[in-house]
Structures are given as structure tokens and as C-alpha cells.
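2 protein chains.
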Amino acid sequence: MEITTKNFIEKLPEIKATIKEADFFAIDSEFTGISDKNIYPFDSPEDVYLKTTNSISDYIIIQIGLCAFRLQDDKILCKTFNFYIFPGSRINVFTSQGESLKFLAENGFDFNKLFRYGLNYVNTADEEKLRLDLKEKQKYRANLVNSKEENSNEHQIQLANHIPIPEEEQELINGIRERIDNFIKSDEKQFIVENCNGFQRKLVYQILENYQNEISHSSYTDENNKSKGILIEHKRSAEDEQVLEEERIKKEEEQLLLTIGFSLVLQDLSKSKKLIIGHNMLLDVLYLIKQFFKPLPSNYEEFKKFLHKTFPYLIDTKYFCTTHLQLKPQFNSTVLQHIFRTVSKAPFNLPKIESESMEYEYSTDQPKEHEAGYDAYLTGICFLSLMDFIKVNVKEIKQTSKMNKIVNRIFLGRVNDVNYIDISNKEPSVKKDHVFYITFPETWKQSDIFEKFKKYGFIHITWINSWSAFIMLHNRLNALAVIKTIGHTPGFTITTFEQYKQKQQNYRYVSDKRIFTSPNNSKSIIGVSKPIESSPGSKCGTGSSNREETSETHKKEESQKRSSSFIASSKTNNDDEAECTNNKKTKLFHDNDNW
Amino acid sequence: MEITTKNFIEKLPEIKATIKEADFFAIDSEFTGISDKNIYPFDSPEDVYLKTTNSISDYIIIQIGLCAFRLQDDKILCKTFNFYIFPGSRINVFTSQGESLKFLAENGFDFNKLFRYGLNYVNTADEEKLRLDLKEKQKYRANLVNSKEENSNEHQIQLANHIPIPEEEQELINGIRERIDNFIKSDEKQFIVENCNGFQRKLVYQILENYQNEISHSSYTDENNKSKGILIEHKRSAEDEQVLEEERIKKEEEQLLLTIGFSLVLQDLSKSKKLIIGHNMLLDVLYLIKQFFKPLPSNYEEFKKFLHKTFPYLIDTKYFCTTHLQLKPQFNSTVLQHIFRTVSKAPFNLPKIESESMEYEYSTDQPKEHEAGYDAYLTGICFLSLMDFIKVNVKEIKQTSKMNKIVNRIFLGRVNDVNYIDISNKEPSVKKDHVFYITFPETWKQSDIFEKFKKYGFIHITWINSWSAFIMLHNRLNALAVIKTIGHTPGFTITTFEQYKQKQQNYRYVSDKRIFTSPNNSKSIIGVSKPIESSPGSKCGTGSSNREETSETHKKEESQKRSSSFIASSKTNNDDEAECTNNKKTKLFHDNDNW
Chain H
145 MEITTKNFIE KLPEIKATIK EADFFAIDSE FTGISDKNIY PFDSPEDVYL KTTNSISDYI
205 IIQIGLCAFR LQDDKILCKT FNFYIFPGSR INVFTSQGES LKFLAENGFD FNKLFRYGLN
265 YVNTADEEKL RLDLKEKQKY RANLVNSKEE NSNEHQIQLA NHIPIPEEEQ ELINGIRERI
325 DNFIKSDEKQ FIVENCNGFQ RKLVYQILEN YQNEISHSSY TDENNKSKGI LIEHKRSAED
385 EQVLEEERIK KEEEQLLLTI GFSLVLQDLS KSKKLIIGHN MLLDVLYLIK QFFKPLPSNY
445 EEFKKFLHKT FPYLIDTKYF CTTHLQLKPQ FNSTVLQHIF RTVSKAPFNL PKIESESMEY
505 EYSTDQPKEH EAGYDAYLTG ICFLSLMDFI KVNVKEIKQT SKMNKIVNRI FLGRVNDVNY
565 IDISNKEPSV KKDHVFYITF PETWKQSDIF EKFKKYGFIH ITWINSWSAF IMLHNRLNAL
625 AVIKTIGHTP GFTITTFEQY KQKQQNYRYV SDKRIFTSPN NSKSIIGVSK PIESSPGSKC
685 GTGSSNREET SETHKKEESQ KRSSSFIASS KTNNDDEAEC TNNKKTKLFH DNDNW
Chain S
145 MEITTKNFIE KLPEIKATIK EADFFAIDSE FTGISDKNIY PFDSPEDVYL KTTNSISDYI
205 IIQIGLCAFR LQDDKILCKT FNFYIFPGSR INVFTSQGES LKFLAENGFD FNKLFRYGLN
265 YVNTADEEKL RLDLKEKQKY RANLVNSKEE NSNEHQIQLA NHIPIPEEEQ ELINGIRERI
325 DNFIKSDEKQ FIVENCNGFQ RKLVYQILEN YQNEISHSSY TDENNKSKGI LIEHKRSAED
385 EQVLEEERIK KEEEQLLLTI GFSLVLQDLS KSKKLIIGHN MLLDVLYLIK QFFKPLPSNY
445 EEFKKFLHKT FPYLIDTKYF CTTHLQLKPQ FNSTVLQHIF RTVSKAPFNL PKIESESMEY
505 EYSTDQPKEH EAGYDAYLTG ICFLSLMDFI KVNVKEIKQT SKMNKIVNRI FLGRVNDVNY
565 IDISNKEPSV KKDHVFYITF PETWKQSDIF EKFKKYGFIH ITWINSWSAF IMLHNRLNAL
625 AVIKTIGHTP GFTITTFEQY KQKQQNYRYV SDKRIFTSPN NSKSIIGVSK PIESSPGSKC
685 GTGSSNREET SETHKKEESQ KRSSSFIASS KTNNDDEAEC TNNKKTKLFH DNDNW
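Read top to bottom, the protein sequences are chains H and S.
Here the first sequence stands for residues 145 to 739, numbered as in the working numbering.
Here the second sequence stands for residues 145 to 739, numbered as in the working numbering.
Honestly, the hints are just simulated from the structure, not real lab data.
Here the structure is a predicted model, which means the values were calculated and not measured.
It is possible that part of the hints are untrue.
For chains that are exact copies, the list does not tell them apart, and a pair is met inside one copy or across any two.
[As the list claims (entries may be wrong)] Derived pair list, reagent style BS3-like, types lysine-lysine, alpha-carbon separation capped at 27 Å:
(1) K150 with K512
(2) K279 with K589
(3) K589 with K283
(4) K372 with K472
(5) K546 with K372
(6) K434 with K570
(7) K150 with K257
(8) K372 with K489
Bound-form chain H, shown alone:
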């Protein structure tokens, strides 16, 4: 079911009940942009986290699918909510990536609905303030009513501050005065003062003060809450004022719920501490925390701690398929849709799932790929099928060693060593002594580098620019020999990765610029960090995603050298549309594939 501002208030109790009753959830989200991070195959989980948080800019989540599953003895029930999320106020400034919005629009995403009826949200600190403010505002009004007749002092001060009416506005103001005088004597119920500019409105409010015993006034708004003028009515009785005030409070409470919006749902989800399934969920969790809870910590361990506290029980189906010994051999590709295709036939069994009502119905017969609700639903189905295959009951995950190394691990693409973030434990640290930093003459091609390293077996080249690169040996045993035995070639230098890092005393990733700085060569390295990210070379030639191929076709030929030379002589896999999962060595250059 779609949830927007149009039905949020009405459906909120049901959403809350659903979260309460569910056994587990599957989620998915759609963003205004995706991280364009420059991940190296030898990056650690912490490196990936820092690079990603620095590169997700101010992109936001605009749709969240939440699929709640209930496991009963004889059947599995599910309800899917598809939330449109959009902060429609002036202070909400966010970034978008042209390609992402285009991609979503081409896949049927309704942006008109999003911008008109998307749910608001607030972070934890702002929510508290909002609640407090409303309480004070209502208290202030209550006090005002009580003290109105007793104290006319304030009124005197107001009168003293009055703006003299300029000559050119006299006619307008006199007209309005006359209109009010006639209204007071008449049986008319109300009238509206319209078409005034701000200054004129101010003058009108001034004269209204002189009529405060005869008329009541309020600002008149249209259905979009836009001010259209000043509504003038006969003076209301105390009882009428009371009824009006109660209505007003009810409206304000509803408005508060709408302002806190989707955050109310996430809070319940977090408090439930129940299992949440996602597919390739790194960006999902990063955006969730950043947008709805608090800024992403610059400290990796702090991030893990906060994530664990917020969502203490996660499973990433991409990591599950890629890693679990029984599942790994079954999947050529772990793109969500490909997983579904695989689990739809033997040796897998698709679970039989009943939607709780027609409103919540998605069907894999009518795929709505890239709609968050549908993708969440698909993720849940795949997860159930995987669990069925490895013969583990979802309710007994915590009791079985089979899932030990799957729970709370979030998949990391493109990296070679530790390809997950372990939310509840420290990841193993892996030495990088098989990685080298080299510089060479600009005339060198890929084949020159391969020639230079041929005695050490397969290598992977990460080009920095036309005269430097990182080299990663696939056979770590050869690493020790390299520096000693590689021999001298004019214009060629080599250092270990550790030495390289030490040299870069100021080596750091600067906010969302992904810039290396060093006192010695900051300029030249800054100059080239961009091409690595945006050129097809960094995507390993043929492996750029379909979307990239489209937008970057014109660049392909221009960077032939970079593009071709990036293909290492080893088996590499730069799969963003699909990944090889058979061999750890090949897990290079995965992209965020559930797009």
C-alpha cells in the first residue's frame, strides 16, 4: 500500500500494529543519488565506510519499502507499505544526481506524487523541539485567553507602535474600514480581505485592532495551507472560541504527526529490535541513519555502535548469497532480480505467501522493479527461499551456527579482502603487503606494467593517473620478493603501500571531495583523482553498468588507454549489473547493484 500525506494519519495506527505483530521485515529504499566512491580492491571496511560517507553528498531517500512478514504454522502472511518521503520545506536543501532521477522516472517512479504528497521527517533532536514548541504555543494561547480582559496594557503598546498610514494607502484603508462598519451592522457571516501586499496586510491588521470587540479575524488559507487573505467574522462567543480552540488543537496535533512523519514509523521499527532483511543494504542503512537519526559519525566504530543500537538484527541477502557455503555455488549473479530468477526454480522452492489484503498486494507476476515496496517484497521472498534451501527456520536463526557469520554483516562491493561490515564485531584486519605504489613514464601502457610484473603472477592495476598506479598481487606469497627482485628501469619507482601511506603524512579523505592531500604532491594528485572516478577506466572496461555505458559512451574512445589498460591479466570482475560469486579473488568493482 502506498503511504503519502494523503493517508498517513489514517493509516498510522495500522502501520504501528503491523510492526508490532511482524516476525521480520524486508526493506528497500530509493535515493536521489548514489555514492560515486572510488573504492580500491584492497580497501578495508573502514576505508569503504569513510569513502562512502564522504561521497554520498546530500542525497536523500525518497521512497522506502517496508514489507512485514508474519510466519504462521500453515502460511506466511505479508503486508507491504511503500512510503513516499519528501521534505517540502524551505530549509530542506538536498542534492540529486541527474542520472538517478532519470533512471527512477524511466522506471515509473511518480515524482509528481512524491513532491506533492511525500511524507516529511525530522531527526531526533528536532522532534523533541517540535513537541515542546507546540505545547508552549498552546499554553501561550490558553494564557492569552485568560488574561485578555484583565490586561489591556499590551494593546496600548501595540497601538503606540502603529505605522502611520501613508497617503497612497488611505483610499484602500478607508474602503476596508467602511466595509467592516457595514459588515458589523449586517447579517453577513463573513468576508475576506484579499489581494493585499504584505505592507497593506500589515495596515489592515492595525485597523482590525480597533474592532476587536466587534469582530474576530483569522488568516484565510486554501487547501494547500496557503494564505489567501484575512477572514473577517462577527465576534465569536467564549463558547465558540472554545470549540474553535479545540478544533485548532486537534489540527495542530495532526500537523505535528505529519511533520514528524516517517520518523514515527522508523522509531517503531527500531524499537521493535526485530530482524530486518535488506539487499546490498550498505547505502540503505547509511542514508537511514543520516536522514532520520543523526549525522553519520566520522568514527567508524561509533557508526557501528549506533547502527547496532538502532537496528540490532540485520541480514543482507547479497552477503548471504555471496558467502554462505551452501548458497555460494548456486548464484552466478547476486543482483536481486537474478537471485529471484534463481530461487524461482529447482533446487530452490519459492515460499507461498499470502498478502493480508488486496491493498498490500504485490505479485512477482507483475514486477515493479525499482519501486521500493516491490523490491522489499522481492527481498523478503528471496530471503525465505534461501532459508528454506539451507533448512533453517527464520525463528531459529539465532540458535543455529549456520547463520553465525551471516547475521549483522553488510555486504561491501568491489573489495577483495574483507567484503563486509560486521556490525557487532571487529572485522579481521588484513595486511596490504601485496599492494604497491608505482610511478612510471607517461608513455607506458598496461602491457609495460604487466611485463614489469610478469614474474609475480596475476596482478591487478588500479590506475591513479597516467604516471602512477597501485599494483595488487593476487598471489600474496610473491609479495616479499617484489621490491628486491623487480630490478631497475629508468623512470620506474616502487614502494610498498605502507610506505606510500606513511609518506602521505597528510593523507586523508577530505569531506565529500575524495581528495588526497600531501605537502609534496597535493596538486598533481588532486588533479587526477577525478578521472579515476568518472572515466570508464575505473570501471574496468566492459564492466561499467548499463547506465554508465549510456551516459559515458562518448568518453569511451577518448580514454582508450586508461580503459583497456585497467583490465588486469588476472581474472577480474567488475560487475555492477551482476557479480561473480565463485571466487574471492574476483570480487572487484561491484557496484551498488540493486538499482
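Since chain H is already given, all that's left is putting chain S on it; use the hints.
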């Protein structure tokens, strides 16, 4: 007529012809966000330019209306194009303001159309590169064909770089080999290798090299230019290859036009050097230059020079109505729709305008406010009516002194002295000796300040924070006396604005943060610069725009002091939905009103 990628190629010749034939144009644009600048009433045009350029963030234009008018002896003809503009590639990262997108969506803007079919654009430098790249790419292909048979050296190198086929891919690759062998012997016209991940595609391309005398292959894309697989066909003859190459070149040339996109239109518009009418057009020209030509210069004079070179003949209808002696008394409000309402009745005459065909038809009977095309059309109509009223022929503007001080002046809202940018001349510089910087006890209210200044006549207060403000005297003649005669009050200090600026040695506006820094009190001033902009106080109480009232209602009570105390005892006008135009003194706090 709507112009999107769907009809751009087809309509481009007609657009170009229309620009060539027109006598003048009216334009309007819609943005993803508007400047949230903190303009002071005593700011100079240069101050406003710098503050605005620093605060427009990376907002972009997403729709441009271009209405071309032809003046004939007996009638006025017009054609309106409504261009959807959207950069759909990965590298295009831009910002949006939630409120702006919501506002446009509520006014019927079709974002789904925008994101799917919006026109691309490139700046001048990129266009040159694109053209060069395509030429080289085509030349490269031509050379390749010529050298194919002569030189198999490259092929040998390619083979040497081949990746060994891993065991787990053998079955797939053998299957594809077999499929190709059968295809070669068959009458089938083609087949497609699908569902491969990136690594697998790479392996497939490798084996295809062995079949290069028997088959031709190309990447197979869907209607959205998305790769779907590898299309295999029987080896094409040289003639077929030639035909195919010609088709390919034609497609590439079309693609190039689509990539340069809307920039092609703007270039023609600029080259035409014809009169362009806009309404409140500061943001329009700033965004136009920034987005389609080059970054906005940090030097004000450089900006004016470039703007004058690019669009040498501009009239801003807002400035026209606000300033022209015959028009000024006629308008209470210079919001575009209000101007139209005024010129729709006596003493004005609406021009009779014929659309050149149904396709270009807008009608004021069916208003489409906030659609750029319609607003451009409306601007053109208002302009013609204004010209009729002051009895100047549009073709003779340059010859009449009546328009001397109107042409090439762009309206500036909210400022008190020079309320325009003069594109072709230096603006007069105005001394600020009637402006003072004061500090005072935090307990002070507005009335304390008024009391302190009462002997100097009307003042305007620009609050900086709860203990400091700028005071502007409306009667400049009183300025000299202030420092000498204001007298001592504990906790109160006063300096002239000039002294204040000198003290702030590091006084500067920092990029889009609008922050003052000073070595002495940077912290406290930074801390308060935000509330001034976003609190209703800065909008002068009742004068915040309708849109603001909605989103900021909850803040109103909390900042009562700030809000009320901001209302100077003088006549102020903080008009964003409409402006007072009768008195220069009142031109404070105008907002971008043609929204």
C-alpha cells in the same frame, strides 16, 4: 509548444527560424530552488550580486519559457516554446529546495516528464570538446576499417592479453561457442547473448574475436539506450558495413545535438542581440549564465561585462513598473499576475495578440501560472501594454529618452537606495552614513531601541542577533548628529557603518554560508546569522510570504520578540507576494516575487 527530447531534433530548425524572425522575446524560468539571501536595505547592487551568487547554491533551471513576438503593421504575432531542461547524467549533481519542488508540483509542473525527457545542455567549453571528440571518434573508426586487413598486429596483442577462462565459466562459454558455430551454418539472421554479468561479457567478447571473419557483433540496446546484451549477426559485406556506418554517423550527430541540447537555443538567442523582456529577472540571468555559459564571476564588473556581451538588450518589467514616472502611480503591486490584472483594465489596453498556430497557443483565459512558457507569454503581454500606455513603439525604444533609464536595468528587491543593476553603466554609489551598528543589553526590546533613537525620526532596524543590530535612519539629514547626541546608556554602543566595516578586517561573505567572520567575535556572529534568515523575524512579522507561513508557523511564537521587534516604527514594506511601489523608502524586503 512544449519542447523535450522527444521533439527537439524535429523542432530545432523551427526554433532557430523563430529566433531569427522575432522582434523581441519574453523569457521566464523555473528553478529547483531560490536564493535565501540575507539582503540588508542599505546593500549596494554589488553587495546584492555577491550575496545572491553566494547563496544560489547548485540550484538549476528546469524549465524555460521563450516567447517570440513579431510586430506587424496590423497585428502582433507570437510563438511560445516551453523547454523542459534536465541534465540526466551521472556527473550532473545539483541541489534542490524542498519547498520549491513542492510548490511547482502543486502548480502542475510535470516532474516525471522533466526527468525522462528534459533537454540536456553543456557549457561552452564542454561543447567544443564534445564536437572534437566525435570527429576524432569517427576518424578513428574510418582509419580502423581501412587498416583492418593490412594489420593483424593489434589482434595478436589482444590475444596475448586474453583472460584465461575460469573453470566455473567453462560451461557457459562452451555453450556460447556451440551456439555461434550453429548460427554460422544456419539461416538465422541474428541472435542475442543475454543475462551475462560484466566478467562473463568480457569472456564472450574474447571468444568473438576468433570468429571475426564469420560474424559481426554489436552491443544490443533497448529504446532507452540501455545495453541488453550482445547482438550477433552474420559477417556484413563491406557495402553493408558502409551503410551501417553512415546510419551510425547520422545517429551520433543527432545524439550530439541532443547532448548540446538547450545550449543551441541559447546561443542563437544570444547571437541575435535582440531585446529580451523578463520580469524580476535577476535570478533568471544569474542562473542562465551559470548553468549554460560559465561560472558566475566573483568580480561584479566582470559579471556585468559578460552579461552585457551575452544578452546586450534587456528590459525588466518589474523595474519598468516600479520606476517609470508614468507607470509607477498605476501599480500597487508589481507581482506579474497583479500587473496583468492592472493592465487588463482602463487606463491600459491589452494588446491583441495572435498565436502563430494552435501549437503555440497560451491564453490568459486559461492561466497556467508558474509554467515558464505561460509566465513568459504574460510578461510579453504586460510589456506591450506598458509600452502602449507610455506611447512608445517597441521598435523605437533605443531612440526615445523615455526608456533611457529602463533599458538594461535589472530590478533588485529589498534594497533601499539603488534598486537595480545597471548592466551597461556604473550605478551611483550611495554613502551609508545614515546606517549604524549598535550593540545593547540582551534584555532590550524593539521599543527600547525606538526610544533611544526617537529624536532622529523613522528608523529601520535590521536585527543581527539579540544584542546587536543595524539601524538605518530614514532621514539622512539626521545622520551627522547621531553619534554626538545619542548619549550614554549602560550596555549600549554605537559606531557608524563605515567604522563597523573597517573593524571587521576579515569581514567577508563566505561561499554559500553567508557567514561573517571576524577575529574578535566570529563565533557569536556565526551563531546568529542563521536565525535572521530563517526566522519570521527577518521577514518582518506579517510579511513573510504565504509559502513561508505554512512551513514556519511553528516557529512564530517562539521568536515573538524577534518577529515583532523587527517592525520598524517607520513605514516598512516587506513584501514578497506583492510590493509597494509608491515610495522609495518602502522598498524593503522584496522577495523573488514572480514565483
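Exercise. Okay, which hints does this one fail, numbers in order?
Worked result: 5
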